[in-house]
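Enquirer: All chains, please: the whole structure from these sequences, using the hints.
Protein chains in written order, with numbering that gives the first Met the number 0: chain W, 0 to 371; chain U, 0 to 371.
There's no promise every hint is true.
Calculated cross-link-like contacts (lysine-lysine; reagent style DSSO-like; alpha-carbon spacing at most 27 angstroms) [as the list claims (entries may be wrong)]:
(1) U/Lys324 / W/Lys289
(2) U/Lys289 / W/Lys289
(3) U/Lys289 / U/Lys324
(4) U/Lys324 / W/Lys324
(5) W/Lys324 / W/Lys289
Note that these hints are calculated values from the structure, not bench results.
What follows is the residue order along each chain.
There are 2 protein chains.
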Amino acid sequence: MIGGFRVVAEDATTHARAGELVTAHGVVRTPAFMPVGTAGSVKGLAPWELERLAPEMVLANTYHLWLRPGIETVEALGGLHRFMAWRGPILTDSGGFQIFSQASRRTLQEDGVVFRSHLDGTEIALTPEGAVEAQRRLGVDVAMALDVCPALPAEPAELQRAVALTSRWGARCRRALPPGGATLLFGIVQGGLDLELRRQSLAELVPLGFDGYALGGFSVGEPAEAMWATVAEVAPLLPAQRPRYLMGVGTVADIVRAVAAGVDLFDCVIPTRNARNGLLHTTRGPVVLKHARHRREANPPDPQCDCPTCRSCSVGYLRHLYLAKEAAAVVLATVHNLSFYLALMRRLRSAIIAGRFPALCAHLLAETQEGG
Amino acid sequence: MIGGFRVVAEDATTHARAGELVTAHGVVRTPAFMPVGTAGSVKGLAPWELERLAPEMVLANTYHLWLRPGIETVEALGGLHRFMAWRGPILTDSGGFQIFSQASRRTLQEDGVVFRSHLDGTEIALTPEGAVEAQRRLGVDVAMALDVCPALPAEPAELQRAVALTSRWGARCRRALPPGGATLLFGIVQGGLDLELRRQSLAELVPLGFDGYALGGFSVGEPAEAMWATVAEVAPLLPAQRPRYLMGVGTVADIVRAVAAGVDLFDCVIPTRNARNGLLHTTRGPVVLKHARHRREANPPDPQCDCPTCRSCSVGYLRHLYLAKEAAAVVLATVHNLSFYLALMRRLRSAIIAGRFPALCAHLLAETQEGG
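Expert: What follows is the structure in structure tokens.
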């Protein structure tokens, strides 16, 4: 049944678990990483390339699609799935993160937020009801409630206001999109690094009966260690029978630690953005294409990787394409980095199911420190 | 045997022919269009995407690879085929065209040409022997002789000098790369729109015994009709038992007319450059993605095309990706435009073999006039 979430395995010594979330476009096997397709496209990837990578779910952005090409246009072109030629599950961010990232361009009020478009300055009023309605019309599998996501560090009063408004907006979102439909709705826990506020936020959201719970407001300026400590405390408090989603995170180390804390879903621009900047993630650490030592390196980026990039291209060739600003550099690096992230998630899931999670966890954290 | 060229069918009423050129990396079935991979990459295409498009041969550029990453680097990375992960035949331009296109950056002398790099101003001396040696080291299947290619219109004296120097350089190229090796060498006929000069150029080159003959110096500023008229006269004079290559041409109309004149090989940036500029070639005429009327067009670019882009994407989606400057727009449009060009060449070849070439020729020329 759509919205059903089943924990298929739990690690004995950590909070890590493997799960299955049923959506209208298929089952999402967790822990899972969602590639970011902000404007309806994972940057550089043809739809069939994304299909071959086979992520469990992809993320798109309501705010960006609202501005361009417009929700009506996506609807007219058959909804977001047909639009971007992706048959699997889609989750959309509500626009809440842009309240944070476009702070200079918006006015925050009780009713909602008014943006000036970063494209042409047009004013756009985003309310909780409007954000949810837009996501329903896009036809996504998982909609996110509209939240208020302060940058860190933030004053306690600002964090309190953000939590309170996120709760009121969360209630309005749930009313606008009641349970039982094809579009699931996740609530977003705020509260910064303040555990009491995080607990309060959670206590206000859970009675609203969301289909899943997200931890928002991380990776917004705080040290990684502070995030790890807070996620370790808060993630296990999220309802165990619902999927848990840590928004906008993160590095391999972030993900491994969060999975250990019981998080099921992730999204992050790191693999795709790093690809565009010529940084490849590999099991032997990062490969920075601009480094001169890679000029004549005939090996693939990661000898342990079986992605099409590693099967066909040397580091020297990728370096050449990157320096020559060839469009294929983005394609090839993105295919590899996403392959790396998706393989990581499959390894984590298999290890949880096989009872080998703590060992893998230790191995991966040691590896990332070395590769650093 | 490498270098062997067999005419498998000839049209009864035109000079069109279907052929097979044997190279070290496979047989090139002609007439054929070579996608342009200037710097060792067809812009936007992963190697496996190019492999799926399956062009008969691809073109790369000696001048660009010489400057970056350098011939030695390509050699160290296993030669151009392994470098760019392309197993099929490769033809390289010699650098002669850059004598024309980078006129402000070079000094032309009897011995060769001195360039200042468009990347960093470094001086590079390109001689006939050096150009051929570079191509041999790249490991390409077909090397082009170094030629002098004047922009049109040009003074008769300049055209005469270009023809004479091209002949002397051609002789030096052939001496530097004698027949019988793995790398074939094509000579380049110059002479602008002057039929007498073209005949003279050809008469000087044929005794040198090239593996194929190219018509250079077209599509360099002259009206299309003037090119068509000259090619129609000159192409049939090229040795019938060797492949004939019209360099840097062209539009569908150019190609159809040149095939009728007996040309076997083509290369042109039109499909790939137009793709990057949001223009799609289709059987119903050009689709310009920036046009507002395509905003909600749910059809694929070309309903008659079975390329992956047309199988998965609407014009509305492609328009969105183009306007949002998404990297996938280049990938998708390039895949389509090259599919269109390669399908055109297959249709022309099949028609020649089946005795239907004049009918197809008339149909295509009418279509391109309508489509504009």
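Enquirer: Hint by hint, say whether it matches the structure.
Expert: Comparing the hints with the structure gives:
Taking the CA atoms of U/Lys324 and W/Lys289, the gap is near 24 angstroms; set against the 27 angstroms cutoff, the hint holds. Of the pairs offered as hints, the one joining U/Lys289 and W/Lys289 is violated, with about 35 angstroms between alpha carbons and a cut-off of 27 angstroms exceeded. This hinted pair checks out: U/Lys289 and U/Lys324 have alpha carbons roughly 11 angstroms apart, not beyond 27 angstroms. The straight-line distance between the Cα atoms of U/Lys324 and W/Lys324 is roughly 15 angstroms, inside the 27 angstroms bound, and the hint therefore holds.
The suggested pairing of W/Lys324 with W/Lys289 holds, with an alpha-carbon distance near 11 angstroms, which does not exceed 27 angstroms.
Violated hint for the displayed structure: number 2, the only one.
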